Amino acid sequence: MTEIQFSGFGGQGIIRLGLISGKALSLYAKKHATMTQSFGPEARGSACSSQVVVSEDRVLYPYVSMPEILVSMSQEAYDKYEPELREDGILIIDKDLVKARPARGKIRTYEIPSTRFAEELGNRITANLVMLGFFTAITQIVSPEAMKKALPGLVPGRFLDLNIKAFDKGYNYGKKTKDEEKKQK
Amino acid sequence: MKKEDRLEEKNPIESLLRMDRIPHIWCPGCGIGTVVTSFAEALHKSELDLDKVAIVSGIGCTGRVAGYVKLDSFHTTHGRAIPFATGLKLAHPELKVVVFSGDGDIAGIGGNHLIHAARRNMDIMVICVNNFNYAMTGGQVAATTPKDANASTAPYGNFEYSFSLPYLAEAAGATYVARWTALHLRRVTKSIQEAFNRRGFSFIEVITPCVTLYARRNRLGDGLNLLKYYYEKSEIQHGADTRTLDISYQGKLIVGKFVDKEKPTFLDCMNEHLAKVLGEKYQLYGENND
Amino acid sequence: MKKIKADPKGVLTGAHYLDGDHSLAEGGLAAGCRFFAGYPITPSTETAERFSERIPKVGGIFIQMEDELASIAALIGAVWGGKKAMTVTSGPGFSLMMENIGLACMMETPIVIANVQRGGPSTGLPTLTGQQDMMQAKWGSHGDYEIIALSPDSPQECFDLTIEAFNLSETYRVPTFVMTDECVGHMHEKVVIPPAEEIELVERKWYTGPKDKYLPYKPDKDMIPFMVKAGDGYRFHTTGLTRDERGYPVINAECQDVCVHHLVDKINKNADKIIKLEEQEIDNAEVIVISYGITSRVTTRAVEQARKAGIKIGTIRLITVWPFPEKRIKELAKKVKAFVVPEINCGQVVLEVERCAAGQAPAIHVPHCGGWVHDPDDIFKAIKEAAK
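One line per chain: the protein sequences are L, F and U, in this order.
Residue 1129, in the numbering used here, is where the first sequence stops; the numbers in between run on with no holes.
Residue 291, in the numbering used here, is where the second sequence stops; the numbers in between run on with no holes.
Residue 476, in the numbering used here, is where the third sequence stops; the numbers in between run on with no holes.
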């Protein structure tokens, strides 16, 4: 079982990240994935999050208690959720938006300027998709094909191509990061 | 005398009444029965298939009408006859749906539904019997009680402003609005016939005597005295501006047909709009899917 | 009871990633619901939104009414117009619907109402969960009557149990509730919608005899009267007043006795046929945890812990909450040390467990006032206490 938490501020498409991952895992990767989200005032503006619990069998307990993977796209979200990350977990951040403290325990940290990349692609709204691509390459929890297959219906049709471009940008950056990590080892 | 010989004594509207429920509960001198007679008369004269006419009432003296009329008839809860009728009509657009209820039911507790059904131009007819008080519960003050009139919960006289129902109905979007009194039976029948022959939200107010409560408490005499009041103080003004129809205590009663205009109904608007937006994917509602 | 296959038009066959709210709508459409009237209220609005998008494409009608009083009245009207009808709401709206839920009971009108529960009382916690309307579902309208209430634990069950709710509602001519909550309503999971031919529906119990012999409330052999719709020439009457077989008001104690007993008996005497439970490891259990909806999933954590601690524990998930599985609880009360009942309220269904156990085994409640699910540790502590 794997617990994943996506976090950021309202409007960044954090819930979408959970939805797309959950859908890709459930429908195109033969896994069971339950996506839950925090609603309420905190979902508008300040720190918001979506959680995905992934399992080979039916997910019984649907909530994240100590995530193994934390994605943070804002400082506030990082400050709020990082202490809950497992000591052997994976932390993924937008490096322009989050100033990370020195990592605890065996936490491995991966950074990407997702918002900047999205701006370079012409629309910062796709920063979440850049992040999703990066997340896919780093965690390898699901194939990039499955993720892309999950996009229709979850991103506006007219922006599908742009979103795929953003995803690829993040994915390739993630692959490069992973390759370099291997080389260093 | 053989049974057949008595046929001519039969009330011509008996076929439209549930005779097994007669005698009715209304007091001597009450005006509701006369409005039912006008309604039955209108049904009689109409060329409608009466199997396709349904009547919905709420609660109150007039709320009992549904129980006496031999149509598919629904005696619902207080204030909710209009939304019930809305569901019935939309589920089965082929039906002519009539809401027959009192002023307290329609304009008091159900006032919100009245304005919204009018706003939507829902294709139903509302016959609102206005006797100026809550009669079933013993003559309490209503949204229609004229200022200064006495009621059991306004023992020192009513000091609230009252609704002018035609004004309310027109302002909310009703496309047919008329007001009559229990004296104008043929006019009531004619208005109901007109409403049957048109589409859209029709609102017909009929002012009727409540002898036992409103009249007695206000020392206005019996049914005849009230009809006399209607006779002396009512004035037919077709097309009158509905802003001028306020009723003061024992004051002038402007009656007539005030509004009669065509406007697409809720279903017309829905069908037209969805057909435009959805194209061939959309099957017109109410056609071949009953 | 005539079984028919679902109309493929409304069935979105395939695997989807849906939340509970959307699944309620798909369940309704698959069950043949072609009339939806509702009023927006968090956290149930997504169901209305999905209906508004989908139903015009399958030959049905969506109307957003002026309030919940109107929504439920329109539903009852629509059913008498021949449609299958449903609405969705949450606490405050549920409260507003109560009077006409009684009307639907009295008129024996099959309607389905989903309640995506949130924390109360009053406006309470619009965006956060609760299971505080369970007793309201049973007792909320005035007078004596019985209803059916189901409690899904997942988006898949929101779909499945909405179909089931329609079938039960048509079978027994009674308002049937899908009592879900914000957690399940907003949780996304895979939902598999089968092909239409695999979805079995109960057809309304239409009357077919001679028109002048029709009696709207004459119970058939199975206690359930035959139904007609407006416009078919029966010229029938129905009322919210106490009525006889003809549907005519009769205001006396004798008629009330027949009428109310019928409303209550038709559900209670068929309880065995209606009730669905999911039991696990009951046979040698010392302690049984009884839960429903989202809480049953939270309970699984505590049960794992308890098993690790060597406690012989069984679980019952109430898929049907009302009517309550009296017989089963009575039976088990003789065998177990205690029942543990976690629910997101200050003690509702636990009262029923206590009543049925009748002093033979204690019912330990694990309360939670709403806003979030239980901490599994709290349930575990109660289990340990119960096992002592």
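Hints are computed from structural coordinates only; laboratory data are not their basis.
These numbers come from a predicted model, not from an experiment.
Where hints are given, some of them may not hold.
Said to hold, decoys possible - Simulated pairs of lysine-lysine, DSSO-like, Cα-Cα distance not exceeding 30 Å:
id, chain 1, residue 1, chain 2, residue 2
1, L, K1043, L, K974
2, L, K1119, L, K974
3, L, K1050, U, K396
4, F, K277, U, K97
5, F, K46, U, K299
6, F, K282, U, K299
7, F, K191, F, K46
8, U, K97, L, K1093
9, U, K423, U, K91
10, F, K264, U, K145
11, F, K234, F, K264
12, F, K53, U, K299
13, U, K422, F, K53
14, U, K357, U, K400
15, U, K93, U, K423
Hints, verified against the model:
Our distance criterion of 30 Å between C-alpha atoms is broken by L/K1043 and L/K974, whose separation comes to about 36 Å. Distance hint between L/K1119 and L/K974 is fulfilled; the C-alpha atoms sit about 23 Å from each other, no more than 30 Å. Restraint check: the Cα-Cα separation between L/K1050 and U/K396 comes to about 28 Å, which is no more than 30 Å; the hinted pair holds. About 21 Å separates the Cα atoms of F/K277 and U/K97, which keeps this hinted pair within 30 Å; it holds.
In summary, the hint linking F/K46 to U/K299 is supported, as the alpha carbons are separated by about 25 Å, within the 30 Å threshold. Distance hint between F/K282 and U/K299 is unfulfilled; the C-alpha atoms sit about 38 Å from each other, more than 30 Å. Between F/K191 and F/K46, the direct Cα distance comes to roughly 10 Å. Compliance with the 30 Å bound is thereby established for this hinted pair. Among the hinted pairs, U/K97 with L/K1093 is consistent with the structure: their alpha-carbon atoms are about 26 Å apart, no more than 30 Å.
Distance check on the hinted pair: U/K423 and U/K91 sit about 39 Å apart at the alpha-carbon level, beyond 30 Å; violated. Between F/K264 and U/K145 the CA atoms are separated by roughly 25 Å; this keeps the pair inside 30 Å, and the hint holds. In summary, the hint linking F/K234 to F/K264 is not supported, as the alpha carbons are separated by about 33 Å, beyond the 30 Å threshold. For the suggested pair F/K53 and U/K299, the alpha carbons sit about 15 Å apart, so the restraint of at most 30 Å is met.
At most 30 Å may separate the alpha-carbon atoms for a hinted pair to count; U/K422 and F/K53 exceed this at roughly 59 Å. For the proposed pair U/K357 and U/K400, the alpha carbon gap of about 34 Å is over 30 Å, so the pair is violated. Proximity of U/K93 to U/K423 is assessed by CA-CA distance (about 42 Å); at most 30 Å being required, the pair is judged violated.
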